[in-house]
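Asks: Chain by chain, the residues run as shown.
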Amino acid sequence: MRVTFPLMAIGLEVAMIVLFWLFVQYEADQTISQQLNTTRPTKMDSFVQLYPLFQDVHVMIFVGFGFLMTFLKKYGFSSVGINLLIAALGLQWGTLVLGLLHARGEKFHIGIKEMISADFSTATVLISFGAVLGKTSPIQMLIMTILEIAVFAANEFLVAEIFVASDTGASMTIHAFGAYFGLAVAGVLYRSGLREGHHNEESVYHSDIFAMIGTLFLWIFWPSFNSAIAEPGDHQYRAIVNTYFSLAACVLTAYAVSSLVTYRGKLEMVHIQNATLAGGVAVGTCADMDIQPYIAMIIGSIAGLVSVLGYKCLTPFCATTLRIHDTCGVHNLHGLPGVVGGLASIVAIAVGVSTIAMQAAALGSSIGTALVGGLVTGQQK
Amino acid sequence: MRVTFPLMAIGLEVAMIVLFWLFVQYEADQTISQQLNTTRPTKMDSFVQLYPLFQDVHVMIFVGFGFLMTFLKKYGFSSVGINLLIAALGLQWGTLVLGLLHARGEKFHIGIKEMISADFSTATVLISFGAVLGKTSPIQMLIMTILEIAVFAANEFLVAEIFVASDTGASMTIHAFGAYFGLAVAGVLYRSGLREGHHNEESVYHSDIFAMIGTLFLWIFWPSFNSAIAEPGDHQYRAIVNTYFSLAACVLTAYAVSSLVTYRGKLEMVHIQNATLAGGVAVGTCADMDIQPYIAMIIGSIAGLVSVLGYKCLTPFCATTLRIHDTCGVHNLHGLPGVVGGLASIVAIAVGVSTIAMQAAALGSSIGTALVGGLVTGQQK
Amino acid sequence: MRVTFPLMAIGLEVAMIVLFWLFVQYEADQTISQQLNTTRPTKMDSFVQLYPLFQDVHVMIFVGFGFLMTFLKKYGFSSVGINLLIAALGLQWGTLVLGLLHARGEKFHIGIKEMISADFSTATVLISFGAVLGKTSPIQMLIMTILEIAVFAANEFLVAEIFVASDTGASMTIHAFGAYFGLAVAGVLYRSGLREGHHNEESVYHSDIFAMIGTLFLWIFWPSFNSAIAEPGDHQYRAIVNTYFSLAACVLTAYAVSSLVTYRGKLEMVHIQNATLAGGVAVGTCADMDIQPYIAMIIGSIAGLVSVLGYKCLTPFCATTLRIHDTCGVHNLHGLPGVVGGLASIVAIAVGVSTIAMQAAALGSSIGTALVGGLVTGQQK
Numbered sequence: 076m077r078v079t080f081p082l083m084a085i086g087l088e089v090a091m092i093v094l095f096w097l098f099v100q101y102e103a104d105q106t107i108s109q110q111l112n113t114t115r116p117t118k119m120d121s122f123v124q125l126y127p128l129f130q131d132v133h134v135m136i137f138v139g140f141g142f143l144m145t146f147l148k149k150y151g152f153s154s155v156g157i158n159l160l161i162a163a164l165g166l167q168w169g170t171l172v173l174g175l176l177h178a179r180g181e182k183f184h185i186g187i188k189e190m191i192s193a194d195f196s197t198a199t200v201l202i203s204f205g206a207v208l209g210k211t212s213p214i215q216m217l218i219m220t221i222l223e224i225a226v227f228a229a230n231e232f233l234v235a236e237i238f239v240a241s242d243t244g245a246s247m248t249i250h251a252f253g254a255y256f257g258l259a260v261a262g263v264l265y266r267s268g269l270r271e272g273h274h275n276e277e278s279v280y281h282s283d284i285f286a287m288i289g290t291l292f293l294w295i296f297w298p299s300f301n302s303a304i305a306e307p308g309d310h311q312y313r314a315i316v317n318t319y320f321s322l323a324a325c326v327l328t329a330y331a332v333s334s335l336v337t338y339r340g341k342l343e344m345v346h347i348q349n350a351t352l353a354g355g356v357a358v359g360t361c362a363d364m365d366i367q368p369y370i371a372m373i374i375g376s377i378a379g380l381v382s383v384l385g386y387k388c389l390t391p392f393c394a395t396t397l398r399i400h401d402t403c404g405v406h407n408l409h410g411l412p413g414v415v416g417g418l419a420s421i422v423a424i425a426v427g428v429s430t431i432a433m434q435a436a437a438l439g440s441s442i443g444t445a446l447v448g449g450l451v452t453g454q455q456k
Numbered sequence: 076m077r078v079t080f081p082l083m084a085i086g087l088e089v090a091m092i093v094l095f096w097l098f099v100q101y102e103a104d105q106t107i108s109q110q111l112n113t114t115r116p117t118k119m120d121s122f123v124q125l126y127p128l129f130q131d132v133h134v135m136i137f138v139g140f141g142f143l144m145t146f147l148k149k150y151g152f153s154s155v156g157i158n159l160l161i162a163a164l165g166l167q168w169g170t171l172v173l174g175l176l177h178a179r180g181e182k183f184h185i186g187i188k189e190m191i192s193a194d195f196s197t198a199t200v201l202i203s204f205g206a207v208l209g210k211t212s213p214i215q216m217l218i219m220t221i222l223e224i225a226v227f228a229a230n231e232f233l234v235a236e237i238f239v240a241s242d243t244g245a246s247m248t249i250h251a252f253g254a255y256f257g258l259a260v261a262g263v264l265y266r267s268g269l270r271e272g273h274h275n276e277e278s279v280y281h282s283d284i285f286a287m288i289g290t291l292f293l294w295i296f297w298p299s300f301n302s303a304i305a306e307p308g309d310h311q312y313r314a315i316v317n318t319y320f321s322l323a324a325c326v327l328t329a330y331a332v333s334s335l336v337t338y339r340g341k342l343e344m345v346h347i348q349n350a351t352l353a354g355g356v357a358v359g360t361c362a363d364m365d366i367q368p369y370i371a372m373i374i375g376s377i378a379g380l381v382s383v384l385g386y387k388c389l390t391p392f393c394a395t396t397l398r399i400h401d402t403c404g405v406h407n408l409h410g411l412p413g414v415v416g417g418l419a420s421i422v423a424i425a426v427g428v429s430t431i432a433m434q435a436a437a438l439g440s441s442i443g444t445a446l447v448g449g450l451v452t453g454q455q456k
Numbered sequence: 076m077r078v079t080f081p082l083m084a085i086g087l088e089v090a091m092i093v094l095f096w097l098f099v100q101y102e103a104d105q106t107i108s109q110q111l112n113t114t115r116p117t118k119m120d121s122f123v124q125l126y127p128l129f130q131d132v133h134v135m136i137f138v139g140f141g142f143l144m145t146f147l148k149k150y151g152f153s154s155v156g157i158n159l160l161i162a163a164l165g166l167q168w169g170t171l172v173l174g175l176l177h178a179r180g181e182k183f184h185i186g187i188k189e190m191i192s193a194d195f196s197t198a199t200v201l202i203s204f205g206a207v208l209g210k211t212s213p214i215q216m217l218i219m220t221i222l223e224i225a226v227f228a229a230n231e232f233l234v235a236e237i238f239v240a241s242d243t244g245a246s247m248t249i250h251a252f253g254a255y256f257g258l259a260v261a262g263v264l265y266r267s268g269l270r271e272g273h274h275n276e277e278s279v280y281h282s283d284i285f286a287m288i289g290t291l292f293l294w295i296f297w298p299s300f301n302s303a304i305a306e307p308g309d310h311q312y313r314a315i316v317n318t319y320f321s322l323a324a325c326v327l328t329a330y331a332v333s334s335l336v337t338y339r340g341k342l343e344m345v346h347i348q349n350a351t352l353a354g355g356v357a358v359g360t361c362a363d364m365d366i367q368p369y370i371a372m373i374i375g376s377i378a379g380l381v382s383v384l385g386y387k388c389l390t391p392f393c394a395t396t397l398r399i400h401d402t403c404g405v406h407n408l409h410g411l412p413g414v415v416g417g418l419a420s421i422v423a424i425a426v427g428v429s430t431i432a433m434q435a436a437a438l439g440s441s442i443g444t445a446l447v448g449g450l451v452t453g454q455q456k
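If you read the protein sequences in the order shown, they are chains A, B and C. Using this note's numbering, read the first sequence as starting at 76 and increasing by one per residue. Using this note's numbering, read the second sequence as starting at 76 and increasing by one per residue. Using this note's numbering, read the third sequence as starting at 76 and increasing by one per residue.
These are calculated hints, taken from the structure and not from any lab test. Just to be clear, a hint being listed does not mean it is correct.
Said to hold, decoys possible - Which bits of chain C does chain B cover? Going by a derived footprint, with three or more residues having C-beta under 8 Å, they are: (1) 128 to 135; (2) 250 to 257; (3) 343 to 356.
Said to hold, decoys possible - Only pairs whose alpha carbons sit at most 25 Å apart, straight line, appear in this in silico BS3-like list of lysine-lysine: (4) 148(B) - 148(C); (5) 188(C) - 148(C); (6) 149(B) - 148(C); (7) 149(B) - 148(A).
Stated by the list, open to error - A short, non-exhaustive set of chain B residues, derived as facing chain C with CB atoms under 8 Å: (8) 100; (9) 279; (10) 283; (11) 319; (12) 332; (13) 387.
A virtual CB, placed ideally from N, CA and C, is assigned to each residue, including glycine.
Could you build all of it, start to finish, from the sequences and the hints given here?
Replies: The following block contains the structure:
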């Protein structure tokens with residue numbers, strides 16, 4: 076760490092600056108915005124509409140993900156500090172990789188929409204970080220950020236441009252992808268000492284309340300996450316409404332199931348911090364479809380149920396039998412609900428005709444590239 | 076609790092899903108937004124304008140109210156956890172009750188405006204929750220949510236459609252209503268042990284700072300709360316400006332009075348956490364009126380004064396003599412300032428002519444229905 | 076304190092109300108917004124565009140600055156409480172002083188833009204507060220608020236109207252000004268006991284996480300701070316993009332340098348809480364210029380480097396040799412990066428021709444008036 080970390084961080088930043096110098100430009104026709112006497116939608120309109128959504132997503136990435144992981148009494152500062160480091164590197168690298176892929180290696184322009192996509196790409200690494208928290212050094216996280224975002228961009232390109240599948244709220248390409256990538260890395264990093272759990276792996280009263288800051292800001296702004304890159308108008312409006320009600324339904328189911336499966340009916344804090352968000356993940360893929368609010372609520376309820384059961388049954392099973400130790404339980408918050416989201420979109424499309432195969436391919440590719448990418452990344456110790 | 080709570084929560088969620096299936100639809104004419112070559116205000120315009128205000132209110136409901144109640148050292152997690160549960164149920168139920176009332180039992184559409192109103196309706200229950208915190212179980216809170224929002228919707232219908240009274244920032248229909256409803260419930264739940272106070276009824280250094288997270292987010296976004304459902308243009312603009320300055324004035328008075336009435340002039344934390352917000356409550360009813368900023372500042376100053384004196388004198392009096400134990404002092408934050416707001420609107424209208432009687436009726440009805448509803452609800456143990 | 080503080084606070088609030096009554100009016104032509112069948116940009120457009128930016132800045136002032144200073148274990152509540160008091164007084168007084176200066180003593184109108192400027196003017200005092208935290212009473216802070224905002228308004232008038240210099244993100248007029256004003260006051264208040272540090276001048280684990288709430292909300296919303304008063308269109312867009320990437324680059328450099336200069340390569344919390352923000356300060360002055368993103372990233376990297384080195388070397392030197400004790404290290408977060416920002420703007424303008432002298436005069440005047448103002452204010456004990 077003594078010199079490796081600073082040298083690597085500075086080296087990466089210098090590389091970013093050079094790549095930005097070579098490839099990144101301001102949006103050229105921004106000046107159109109001045110001519111407001113035109114009536115067609117201008118850059119200015121799109122700025123006014125997108126910037127608040129961008130800021131909501133920005134809060135989710137830095138405060139939401141950062142604080143959600145503070146529940147462990149000894150890793151509060153690491154969570155929120157390394158989260159900031161990963162996201163700051165990730166958004167620069169994500170801007171580059173996504174931009175170069177879509178511009179086929181030419182110079183490209185950045186606007187608010189590209190900033191939202193850059194923030195999104197960091198989310199995958201932050202989700203994976205939840206699985207390996209406490210098991211990795213900052214150096215390993217820098218490497219993982221670079222590798223995972225490259226794989227993410229490749230899979231996202233495959234899903235959007237080759238399969239032409241729909242994934243507005245990114246249940247598959249961000250949540251399932253991030254979770255399975257992280258689990259694959261965690262599997263590689265497994266040491267037998269993790270089986271019995273670690274005494275640092277505990278929360279205290281205050282650390283659980285800090286984590287609720289993360290939970291609540293994620294919960295509140297999730298409608299913005301699922302609608303930020305949706306087509307303006309009907310699609311965006313539906314993404315907001317569906318996510319709003321899916322999350323509300325998810326809270327009731329998650330509380331109910333948590334109380335059912337816990338000793339003496341007490342509410343388990345880790346369920347409340349995480350499973351209440353599963354409705355946002357699961358409704359993502361079909362967020363902008365014409366599914367009606369009550370279907371969104373059913374999807375949210377299923378996600379809440381699946382997520383709590385995952386914490387209760389699957390996490391211990393993974394740790395002991397599969398030898399995968401998932402520190403924050405990202406499989407239950409992002410993995411399973413992401414799969415639920417992918418399956419829901421297949422059903423939604425099946426009912427309304429159309430390209431089931433591509434939707435299934437998108438789900439498969441998101442999980443497949445994540446697992447392979449994660450296994451390879453895990454070797455880079 | 077063992078099975079009652081999960082069964083009730085799941086039962087309520089199933090009921091919500093069925094009712095949404097029967098009654099709730101997307102906004103039909105959202106597609107107008109596509110035709111941006113029209114120059115009249117479209118749904119799209121209203122979306123761009125309302126969505127940021129909605130998100131501000133959303134932060135107030137979940138982070139603001141949730142963290143404001145974390146000041147008690149032993150109830151931090153309950154506050155923020157049960158707050159989320161109540162609000163998630165309340166926003167579904169509020170959508171239904173308000174929608175059905177205004178559509179006279181027909182199918183109805185939901186847009187951002189309806190989502191703001193649904194969030195508002197949950198605020199009444201969250202205010203009442205502050206009065207009964209530590210005295211009720213989650214089961215009782217689910218019942219209270221269903222009952223209180225129904226009574227709230229009835230009173231709101233009375234005020235807006237029958238009295239045609241003005242209550243933009245909802246000083247009367249939300250704040251006074253929520254406070255007196257909660258006090259009525261607290262009165263019914265009174266046990267003599269509460270007279271001397273409870274050793275759990277204490278704050279510690281960290282819990283007081285957590286509560287400040289709630290205070291600050293409420294304080295910051297209060298202009299959005301008071302302007303979210305105001306008429307766009309002048310009215311909305313005035314609601315923002317008046318609330319901004321009323322709150323600022325309230326802070327100075329609350330600090331001054333707190334220092335005056337406290338031993339050796341120290342600032343009392345509970346005053347700073349709560350009384351600084353009274354200016355937002357009190358200016359609510361006349362927020363969008365043409366009262367001039369300095370009048371808003373006078374209203375805010377009076378609210379800060381009344382609120383601190385309420386904590387100092389009225390809360391102990393209520394607990395010992397009236398046998399009403401108000402855990403978070405909601406009477407001082409929402410009750411009294413709500414009444415100040417109602418009275419201020421009567422004065423404002425008296426000075427500028429017009430319907431004083433209806434405004435007074437609105438205040439009376441908000442307090443009356445709250446007390447009766449709360450007393451009845453309190454019996455449902 | 077017993078009576079002086081309450082009397083002074085109430086007296087100031089009464090004075091504010093009288094001055095608002097005499098001078099402040101609603102925006103007169105707000106009604107234009109009703110006529111949405113006009114196609115030119117209306118007040119309504121500007122409201123829809125500015126209000127979300129205003130709320131972002133508002134969060135920075137009250138949550139960002141308030142929580143950033145909670146890192147000291149014994150001053151958490153003072154930080155966040157006195158921060159609220161200062162800001163509430165400051166925004167009223169800032170509205171008046173700025174309004175009267177620009178209207179040359181006539182009645183003036185207030186809109187969202189004036190509210191943003193009022194929030195900005197409080198930022199100077201909050202920055203200075205960071206230098207004197209733990210050394211001043213609430214009474215002294217009330218006096219400092221009144222004096223500092225008056226001097227700030229005078230300097231801002233000089234910079235904008237006489238020098239006609241550019242300072243969109245206010246690196247010089249707010250950050251450098253606030254820092255040097257605070258340092259001058261701290262120099263006057265110096266007592267020899269401060270040389271060895273104080274046992275209250277320590278953080279604990281939880282207080283450091285509280286401070287991260289401040290850091291993150293400042294970091295997230297800084298693009299709004301630097302763009303809120305920029306010209307709409309290209310300028311505003313560039314201010315957002317440049318700030319976004321400058322901050323990201325700053326994080327990597329700050330982490331790297333922190334790890335280099337700290338014992339055994341550990342990351343120092345105070346660096347992460349503060350130096351990661353220096354990129355936002357430093358890019359402020361040229362935020363809206365056509366400098367290209369990679370230059371913004373270079374500015375951010377330099378700021379991160381300078382800020383960490385400041386904490387490591389300059390703060391101890393100031394405390395022992397210069398006899399200036401800077402509690403929160405505002406010189407490293409706002410002072411030095413503000414100077415970097417001023418110098419960067421001189422270089423940027425030099426490269427592209429134009430008024431270097433005026434830009435240099437703006438930097439000089441911001442530091443000069445701050446130091447003189449602070450020295451005079453420090454005497455008012």
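Asks: Are the hints correct? Go through all of them and say.
Replies: Tested hints:
1. 128 to 135: holds (count 3)
2. 250 to 257: n = 0 at 8 Å, threshold three: violated.
3. 343 to 356: violated (count 0)
4. 148(B) - 148(C): Satisfied, since the Cα-Cα distance of roughly 17 Å is no more than 25 Å.
5. 188(C) - 148(C): violated (37 Å)
6. 149(B) - 148(C): holds (21 Å)
7. 149(B) - 148(A): Roughly 18 Å separates the two Cα atoms, so the pair holds.
8. 100: Not OK, violated: residue 100(B) not within 8 Å of chain C, min 27 Å.
9. 279: Since chain C brings no Cβ nearer than about 11 Å to residue 279(B), farther than 8 Å, the hint is violated.
10. 283: holds (6 Å)
11. 319: holds (6 Å)
12. 332: The hint holds - residue 332(B) has a Cβ within 8 Å of chain C, the shortest such distance being about 7 Å.
13. 387: violated (13 Å)
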